[in-house]
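S.K.: Sequence:
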Amino acid sequence: MLALGLAHSATATLPAASSPSPEIHAAPATSQPETLRTRHWSGFPAQPPSTFPLRSSFFPLRSSFFALRSSFFPPPSSPDPPHSARSLYEAGRYREAIAQLEALLDQLRQPGADPSLGEQTRLQIGLTLANLSLAHQQLGEWATAERHIAEAVQLLNSLPARTATVQRAQAQALTILGRLQFARGQADAALESWERATALFQQVGDLAAIDTQMNQAQALQSLGLYRRAIAQLAAINQQLAAAPDSLTKAQVLRTLGDAQRVAGDLDAARHALEQSRRIAAALHAQSPTPATQEAIAAVTLSLANLGRARAIAALGQAGMTPTEAIQRLKTPLSDNRARRAYEQRQQRIATTFLQQTEAVLGLYDEAAQVSPSAELRLQAALNHLSLLVETAQWEQARSRYPDLQQQLDPLPPSRPTLFNQIELAQGLTAISQASGGNPGLEAIARRLSRTVQQARELDDLRAESLALGSLGHLYEQTGQWREAQTLTQQALNLAQQIAAADIAYRWQWQLGRLLLVQGDKTGAIAAYSQSVQSLQAIRGDLVAINRDVQFSFRESVEPVYRQLVDLLLDPQNPTPDLERLVQARDVIEGLQVAELDNFFREACLDTQFQLDRVVDLSTLPAAVLYTIVLPDRIEVILKQPQQPLRRYTTPVAQETVERVSEDLLRELRDRAYPSPEGLALSQQVYDWLIRPIADQLTENQTLVFVLDGALRNVPMAALHDGRQYLIEHYSVALAPGLQLPDPRPLQQRQFRALMAGLTEARDNFPALPNVEKELAEIQKTLPSRVLINTSFTQQNFQNSLSAAPASIVHVATHGEFSSNAADTFILAWDSRVNVKDLSSLLQVQELDSPEPIELLVLSACRTAEGDRRATLGLAGVAVRAGARSTIASLWSVDDEAGADLMIEFYHQLTRSPISKAEALRQAQLSLLRANYDAPRFWASYVLLGNWL
Numbered sequence: 001m002l003a004l005g006l007a008h009s010a011t012a013t014l015p016a017a018s019s020p021s022p023e024i025h026a027a028p029a030t031s032q033p034e035t036l037r038t039r040h041w042s043g044f045p046a047q048p049p050s051t052f053p054l055r056s057s058f059f060p061l062r063s064s065f066f067a068l069r070s071s072f073f074p075p076p077s078s079p080d081p082p083h084s085a086r087s088l089y090e091a092g093r094y095r096e097a098i099a100q101l102e103a104l105l106d107q108l109r110q111p112g113a114d115p116s117l118g119e120q121t122r123l124q125i126g127l128t129l130a131n132l133s134l135a136h137q138q139l140g141e142w143a144t145a146e147r148h149i150a151e152a153v154q155l156l157n158s159l160p161a162r163t164a165t166v167q168r169a170q171a172q173a174l175t176i177l178g179r180l181q182f183a184r185g186q187a188d189a190a191l192e193s194w195e196r197a198t199a200l201f202q203q204v205g206d207l208a209a210i211d212t213q214m215n216q217a218q219a220l221q222s223l224g225l226y227r228r229a230i231a232q233l234a235a236i237n238q239q240l241a242a243a244p245d246s247l248t249k250a251q252v253l254r255t256l257g258d259a260q261r262v263a264g265d266l267d268a269a270r271h272a273l274e275q276s277r278r279i280a281a282a283l284h285a286q287s288p289t290p291a292t293q294e295a296i297a298a299v300t301l302s303l304a305n306l307g308r309a310r311a312i313a314a315l316g317q318a319g320m321t322p323t324e325a326i327q328r329l330k331t332p333l334s335d336n337r338a339r340r341a342y343e344q345r346q347q348r349i350a351t352t353f354l355q356q357t358e359a360v361l362g363l364y365d366e367a368a369q370v371s372p373s374a375e376l377r378l379q380a381a382l383n384h385l386s387l388l389v390e391t392a393q394w395e396q397a398r399s400r401y402p403d404l405q406q407q408l409d410p411l412p413p414s415r416p417t418l419f420n421q422i423e424l425a426q427g428l429t430a431i432s433q434a435s436g437g438n439p440g441l442e443a444i445a446r447r448l449s450r451t452v453q454q455a456r457e458l459d460d461l462r463a464e465s466l467a468l469g470s471l472g473h474l475y476e477q478t479g480q481w482r483e484a485q486t487l488t489q490q491a492l493n494l495a496q497q498i499a500a501a502d503i504a505y506r507w508q509w510q511l512g513r514l515l516l517v518q519g520d521k522t523g524a525i526a527a528y529s530q531s532v533q534s535l536q537a538i539r540g541d542l543v544a545i546n547r548d549v550q551f552s553f554r555e556s557v558e559p560v561y562r563q564l565v566d567l568l569l570d571p572q573n574p575t576p577d578l579e580r581l582v583q584a585r586d587v588i589e590g591l592q593v594a595e596l597d598n599f600f601r602e603a604c605l606d607t608q609f610q611l612d613r614v615v616d617l618s619t620l621p622a623a624v625l626y627t628i629v630l631p632d633r634i635e636v637i638l639k640q641p642q643q644p645l646r647r648y649t650t651p652v653a654q655e656t657v658e659r660v661s662e663d664l665l666r667e668l669r670d671r672a673y674p675s676p677e678g679l680a681l682s683q684q685v686y687d688w689l690i691r692p693i694a695d696q697l698t699e700n701q702t703l704v705f706v707l708d709g710a711l712r713n714v715p716m717a718a719l720h721d722g723r724q725y726l727i728e729h730y731s732v733a734l735a736p737g738l739q740l741p742d743p744r745p746l747q748q749r750q751f752r753a754l755m756a757g758l759t760e761a762r763d764n765f766p767a768l769p770n771v772e773k774e775l776a777e778i779q780k781t782l783p784s785r786v787l788i789n790t791s792f793t794q795q796n797f798q799n800s801l802s803a804a805p806a807s808i809v810h811v812a813t814h815g816e817f818s819s820n821a822a823d824t825f826i827l828a829w830d831s832r833v834n835v836k837d838l839s840s841l842l843q844v845q846e847l848d849s850p851e852p853i854e855l856l857v858l859s860a861c862r863t864a865e866g867d868r869r870a871t872l873g874l875a876g877v878a879v880r881a882g883a884r885s886t887i888a889s890l891w892s893v894d895d896e897a898g899a900d901l902m903i904e905f906y907h908q909l910t911r912s913p914i915s916k917a918e919a920l921r922q923a924q925l926s927l928l929r930a931n932y933d934a935p936r937f938w939a940s941y942v943l944l945g946n947w948l
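Mapping to my numbering: the sequence shown position 183 is 183, numbers consecutive.
Keep in mind the hints are simulated off the structure, nothing from the lab.
The model shown is predicted, which means the values in this text are computed figures rather than measured ones.
Among the clues, some could well be false.
Lysine to aspartate or glutamate pairs mimicking DMTMM-like chemistry, simulated, CA-CA at most 25 Å apart [said to hold, decoys possible]:
#, residue 1, residue 2
1, Lys330, Asp663
2, Lys773, Asp763
3, Lys780, Glu896
4, Lys836, Asp267
5, Lys836, Glu558
6, Lys521, Glu579
7, Lys330, Glu395
8, Lys521, Glu555
9, Lys836, Glu851
10, Lys330, Asp632
11, Lys330, Glu358
12, Lys330, Glu343
13, Lys780, Asp895
14, Lys773, Glu760
15, Lys521, Glu558
Using the sequences plus the hints, can you model the full thing?
M.R.: Right under this line is the structure:
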């Protein structure tokens with residue numbers, strides 16, 4: 001048995017770690033740690049998601065190819081002997097290449113040579129030193145590599161940069177320097193080196209500038225700056241558009257597709273990757289070479305990663321993670337009829353996911369079989385293993401281990417090798433836990449301990465932190481809390497030392513779980529709070545936390561927020577102090593904002609006015625209900641005017657909340673008449689959220705909901721108390737976050753409106769004949785400029801907003817809100833307008849007018865059917881539009897009923913001082929009291945943002 005002392009030996013000579021923050025106290029390491037063992041415990045799951053990204057076939061750093069061709073060998077007129085340093089290097093015979101380069105260096109520096117040396121000789125020495133560095137890098141001999149490249153750069157920079165030859169040599173040395181910096185985890189420095197190299201190559205008109213620009217894109221992705229990387233790669237692709245097909249062109253397209261996949265634009269990624277595959281296949285058919293074969297293998301691996309991304313995205317739209325899908329397939333169906341139907345739908349979705357992943361596994365195998373590159377074969381094998389682990393195919397996963405071990409263990413230490421070792425150890429930990437200790441945890445601990453030592457030898461603090469934290473997680477799995485805590489604290493100290501908040505938050509989360517299971521709830525809350533703070537510090541770069549679609553927001557980020565709220569709102573303490581209530585409310589806001597950031601893959605919500613303050617200062621009575629769905633209960637925090645926060649709890653399983661919400665949405669959306677089943681479900685949700693505080697609410701008050709989880713899909717106006725709908729007593733509004741952009745009541749009634757719509761069928765969407773009536777009637781009440789059918793193009797819409805700013809923008813056209821930003825759009829005559837493009841169109845007005853749009857109305861849109869998180873798209877539109885308020889529909893409504901509701905809404909809004917929420921309420925009541933009493937006709941419309 002392996003004692004923990006072996007693991008600690010990896011860290012025994014660490015520099016003294018900085019003391020932990022005062023809120024968290026790490027237990028000292030035991031002097032004689034106990035042996036690794038398995039122990040079961042209760043508490044939050046000790047299974048954090050994989051720390052590492054899906055291994056992609058990243059393009060080889062181009063310095064390893066073109067710099068050799070440009071600097072290793074004599075000028076083109078000279079012969080290139082078959083056993084030259086370049087040939088040896090390209091054959092992987094690095095020691096022999098080094099021997100030849102050192103002999104050449106000795107010859108150039110032979111005794112008796114002129115101390116000042118000629119410019120040509122110094123240039124040759126500089127290039128030889130640079131190539132020596134490159135060869136030593138391949139062997140993981142970083143100190144020697146660094147010494148050689150530093151001397152090379154200094155020597156070449158001392159040459160008068162008068163000729164293209166000197167500038168090209170300087171650029172080549174900078175490229176090799178960037179390669180070294182990147183391999184050692186210094187992506188910022190590598191980016192700067194490659195930028196300088198690109199400038200020099202461009203000055204002399206050398207096409208190698210394309211290679212260094214691709215390297216820059218690699219560095220940008222490593223830093224999490226995917227949009228910059230995509231812009232750079234798109235520009236390179238444009239440069240090559242008119243050029244004949246080449247491996248470089250295929251490489252650029254593949255790298256662009258990889259970056260687009262990570263940024264969530266899966267359709268664009270597929271287009272780029274299919275182009276890359278077509279070019280690579282055509283080149284291989286014309287002239288088969290190892291390089292064309294490698295290009296085919298690389299794009300096959302990228303397409304496999306894309307297929308995996310699409311499978312997980314589809315699963316996410318159904319509201320499930322891979323873990324939940326596998327569990328659903330293993331769990332027997334319920335005997336309850338309603339619950340059974342819900343579970344059967346989940347089973348069908350989970351089965352489809354598994355079928356899709358089987359196709360992906362086949363592509364991983366294909367990439368490994370085709371590739372002549374050991375590195376790419378290893379990447380494909382690691383991806384294959386991680387997908388087997390993710391889909392709980394333990395026997396197959398275990399069978400893959402010996403081959404992976406044989407491929408990985410002989411490799412010299414480097415940052416990629418260290419990351420591969422840690423990823424393999426994490427996969428093996430999951431396999432061991434699921435397979436009764438095979439492979440043994442002791443062997444996994446040895447692997448991680450060795451990785452810690454290698455990271456220290458490379459002075460790679462990030463890799464060291466990741467290895468230590470993973471080792472701590474291994475001991476967390478076995479129930480050795482104090483040892484796990486010590487290792488986790490060391491990992492955290494290192495992450496904080498290099499300001500790596502993207503990994504620090506993981507170790508703070510892990511530390512919180514460890515403190516909690518040891519009974520230190522105060523320390524656990526402090527650790528969780530720090531984890532949330534770390535996440536908020538990097539909210540603009542959340543995509544950088546895991547650089548591929550294997551990153552699941554629901555598994556990697558969301559649990560931190562929810563588990564902290566669970567601790568703050570202890571069900572054993574029904575009256576927590578106000579400070580904890582405020583913190584819990586703020587954590588809820590943090591989760592709402594983080595979800596929107598993740599939706600757009602960038603920070604998007606930056607507001608100043610807290611809802612509490614608006615409620616206290618407004619003359620219109622309102623109450624805010626902050627909800628959060630936890631595994632065993634719904635927590636609601638209530639804010640009433642001039643009153644402190646109060647909290648109430650409803651014990652109910654999360655699965656029940658999801659099932660009831662889904663069934664209720666279906667009843668409301670599909671029934672043309674109020675059904676007993678729908679009313680019963682509406683009353684169920686009313687009992688959870690409203691009944692506990694119904695006696696504290698006043699008639700005609702505005703209820704502002706900050707909804708969570710599956711509750712977001714439920715129109716609150718349709719909740720029923722057994723006698724009447726909620727809308728018959730209160731105005732209703734939604735807030736996408738806990739803050740509003742400059743919330744003010746409507747200042748005056750002389751509105752300026754821009755209205756746009758389609759009546760004709762377009763892009764496979766049906767005609768909307770009542771839109772013409774809707775816009776004409778609204779125009780009688782509200783002076784407006786109207787764009788309809790052929791006049792409603794993106795450009796005309798933008799020009800109209802720019803020419804005359806509008807306080808109200810009303811768009812009556814088809815549209816869809818999805819949990820994927822790329823699939824969230826409205827339909828103009830000439831094209832679909834994506835949510836980000838819509839944001840840009842609407843914000844044109846900000847350039848010409850100090851006043852924002854008061855109200856954006858999307859009267860014929862819907863949330864994507866079957867997408868349980870589609871309301872993220874609705875919230876995303878509301879936030880990014882820049883309007884103070886947004887009205888939109890959760891499902892496609894009857895064309896005539898929708899037109900009547902909108903006409904009445906504007907009639908209410910313009911006739912007398914009235915809030916937007918109350919105007920919408922009166923319009924909904926007008927339909928409810930007429931011939932449209934079923935919620936299907938009126939309940940889908942929701943108001944987001946400023947309700948005043």
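S.K.: Does each hint hold? Answer for all of them.
M.R.: Verification of the hints:
{"no.": "1", "hint": "Lys330 / Asp663", "verdict": "holds (23 Å)"}
{"no.": "2", "hint": "Lys773 / Asp763", "verdict": "holds (22 Å)"}
{"no.": "3", "hint": "Lys780 / Glu896", "verdict": "holds (18 Å)"}
{"no.": "4", "hint": "Lys836 / Asp267", "verdict": "holds (16 Å)"}
{"no.": "5", "hint": "Lys836 / Glu558", "verdict": "holds (24 Å)"}
{"no.": "6", "hint": "Lys521 / Glu579", "verdict": "holds (16 Å)"}
{"no.": "7", "hint": "Lys330 / Glu395", "verdict": "holds (16 Å)"}
{"no.": "8", "hint": "Lys521 / Glu555", "verdict": "holds (23 Å)"}
{"no.": "9", "hint": "Lys836 / Glu851", "verdict": "holds (21 Å)"}
{"no.": "10", "hint": "Lys330 / Asp632", "verdict": "holds (21 Å)"}
{"no.": "11", "hint": "Lys330 / Glu358", "verdict": "holds (18 Å)"}
{"no.": "12", "hint": "Lys330 / Glu343", "verdict": "holds (12 Å)"}
{"no.": "13", "hint": "Lys780 / Asp895", "verdict": "holds (20 Å)"}
{"no.": "14", "hint": "Lys773 / Glu760", "verdict": "holds (13 Å)"}
{"no.": "15", "hint": "Lys521 / Glu558", "verdict": "holds (20 Å)"}
Checked against the numbered hints above, the structure violates none of them.
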